[in-house]
Structure formats: C-alpha cells, structure tokens
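Listed below, chain by chain, are the residues.
Protein chains: 4
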Amino acid sequence: MGEHMHDYTVVPRTDEEKAKTLNRLKRIEGQVRGIQKMVEEDRYCVDILVQISAIQSALKNVGYSVTERHMNHCVTDAINKGEGEESIKELMAVLKQFSK
Amino acid sequence: MGEHMHDYTVVPRTDEEKAKTLNRLKRIEGQVRGIQKMVEEDRYCVDILVQISAIQSALKNVGYSVTERHMNHCVTDAINKGEGEESIKELMAVLKQFSK
Amino acid sequence: MGEHMHDYTVVPRTDEEKAKTLNRLKRIEGQVRGIQKMVEEDRYCVDILVQISAIQSALKNVGYSVTERHMNHCVTDAINKGEGEESIKELMAVLKQFSK
Amino acid sequence: MGEHMHDYTVVPRTDEEKAKTLNRLKRIEGQVRGIQKMVEEDRYCVDILVQISAIQSALKNVGYSVTERHMNHCVTDAINKGEGEESIKELMAVLKQFSK
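Protein chains in written order, with UniProt numbering: chain R, 1 to 100; chain Z, 1 to 100; chain W, 1 to 100; chain H, 1 to 100.
Bound-form chain R, shown alone (with noise of 0.2 angstroms):
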C-alpha cells in the first residue's frame, strides 16, 4: 500500500533510536485510544479537539525526526554516491505531503 521501490540501502536503526520512536508512536496509541474514551462518553467537542490537536502535533515530531534520521543517512549516502538528486525528489515529494 503506497510502498516505493527503491535501492536504497537502509541503514539500520540503532536499538536506542528504535526504542525511542516506538515509545512516543505507543503513546501516540494510547492518545487515540483516549479520544474513543472521550466519544463514548459523550465529552464536549472542543476538549476532543484538543486532544486531536495534541496528537497531530506528537505525529508531527516523530515525523520531523524520521525526516532528520532520513537525510542524515539515505539522502547524505545517496549524495555521497552521486545520486542525491533523486533522492532529494524524492524526500520533497514526502514533506509536501506532510505539511498539507
């Protein structure tokens, strides 16, 4: 679904990173879980927003920091191997989809 082909080699993520995204991804998981409390018990509308609000902001710097780890080793090898530009299309395709 919407996955890319490509040869890029991935780097691996070292244990320590991994376990600090999937810490604020589950409590990501957890905010949603919070908001389907807050519907079933009929909360007002405006305190659901602000919880949708605190979660888009949460999903924004996991993927601000994807973003950074992405250019600091994809895009940089990809640069380094003399194929940066398409690369670097390739990330811009992503950020404009994101800041929608």
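To be clear, the hints were calculated from the coordinates, so they are not data collected in a lab.
When chains are identical, the list treats them as one kind, so a pair holds in a single copy or across two.
Lysine-lysine pairs mimicking DSBU-like chemistry, simulated, CA-CA at most 30 angstroms apart: (1) 20 x 89; (2) 37 x 96; (3) 89 x 37; (4) 96 x 81; (5) 60 x 18; (6) 37 x 60.
For clarity, every value in this text was computed on a predicted model and none was experimentally measured.
Using the hints provided, position chains Z, W and H relative to the given structure of chain R.
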C-alpha cells in the same frame, strides 16, 4: 489535562454518530500500530513518512467532522441563547491550534 | 474565479475593522516584495524560507480574524434565520482548504 | 531580522531560476493587493478566505522550490565537505516553522 470548564450542555451524539467516529478512530489506532511495526522492521523512512501523512490526514478529517458537529449543535445553541460570541471565541482558539 | 453565489447579506465592516485588516495586508504585501529583493540579491535560501514562514503566519492570522468575524456576523445571522446548517457547511469547506 | 550567520557559499541562482521565482512572487503580491481591494469593497468573508487559501498555497509552492534548490545545492555541498549534519539541522529548524 487541558480540559475546559464550561456550562454548555453537550448535545449527546446519536449511536450512529458515535459508531462512525469510533470506527475512524479505531482505524487510526491500527495505522499507528502499523507504523510501530514498520519501525521495528527497519522499513524505509520515506514509506514511514507516507504512512504518518495518511494518519494526519485521517485525524484531520475526524477533527473537521467534530468541528462541524460542534458548530451545528453547541455553537448554534449558544447563538440561540445570545451567548454566541464566547462560544465562537472558544472555537477559534482550538481551530488555531488545530491548523498549526 | 472561485466566487461563491450566495444571498447572505454581508454585514459591512466598520471603518476601523477595514483599516486594521488593510494595514495587515499592506504589511504582508511589503514582506512579499522583501522576498523578491532577497531573491534578486541571491540571498541565502534558509533566510528566504524564514521570511516565507513569517508571511504564512501573518496571512493565517488575517484568515483567522476574517473567519471569526464571519462566524460572529454572517454565520450568526444565518443561524438566527434558521439557515445555520448551510452556512456552517460553506464555512467548513473553506476551513478545510485553509488549514491544508 | 532573523538572518542566519553562516559560512556556506551561496550557489548563485541562474537568471532563469530567478525570473521564475520572481514571477511567482509578483503574482502573489498581486493576489495580496487583490484581497485588499476585496476588503475595501466589503466582499463576502468566505470569498476572501478562499483567496487567502490560494495565496498560502502559492507561497508554499515557492517555499518547496526554494527548499528543493537548497537541498540540491547548499545541503549537497555541505555533505560533500563532511559538514552535512549541521546543514541538515539548520534546514529541519526552518521546515518545522514552515509546516506549522
């Protein structure tokens, strides 16, 4: 945690409205878990970013539908009681956060 | 170009409201010209991006103030006439575009 | 005003690149003036919001093209000199502001 103190009566959601919103939130929860799996499996950063964008877009849609319902019920009620201005101020504050 | 057909009476802006909004828009116009100068002078991309962000933020604020005024006047009038739902639907459509 | 101190050499834009960017910025300047006229003429709020959205979208596109150029020149140069990490950090900071 960021909850609003207010006297507005919350118009209870119908069972159908609840079910629809809960379904969307459960799908979003599943998508967040999907990203966790992608991180664990060291999947390509750009593919992860694409999935994060998809969740953001789904969350925004939930936010819009909560906002529209809020305007049709709570804000409309407040306006009918002559207390529209305060209700609109409250909504604007959350919309500013939301569209960040 | 994208203009809406509608029967809503537009509540005229006071001279003060107009002057305030026009001042903000004139400042934004000046900022856009400032960026043109930066491009002509081959200024550093990141400095240009910082200025673009500043304009976006200023434009958003004009948008929020137009939205709040719209809710306090046009939407409130529509609700008082029992035509709220349509007016809210119209506003939601533009908010979705706006927060893209 | 918010200018960065840096040693990166700015790769000069070609005349064609400049002309293209300047054209887009001039069109945006015209759009901003168009909104001023709409405010003066007491035009419908929603029509004004639609025009503001159009400008935001046009500005974003200028921002993306400046960002892509920045990555293809300045960031790529920095990476080739082994100074990529700092350059990427600088870009991330501005992207975070930009997608707010």
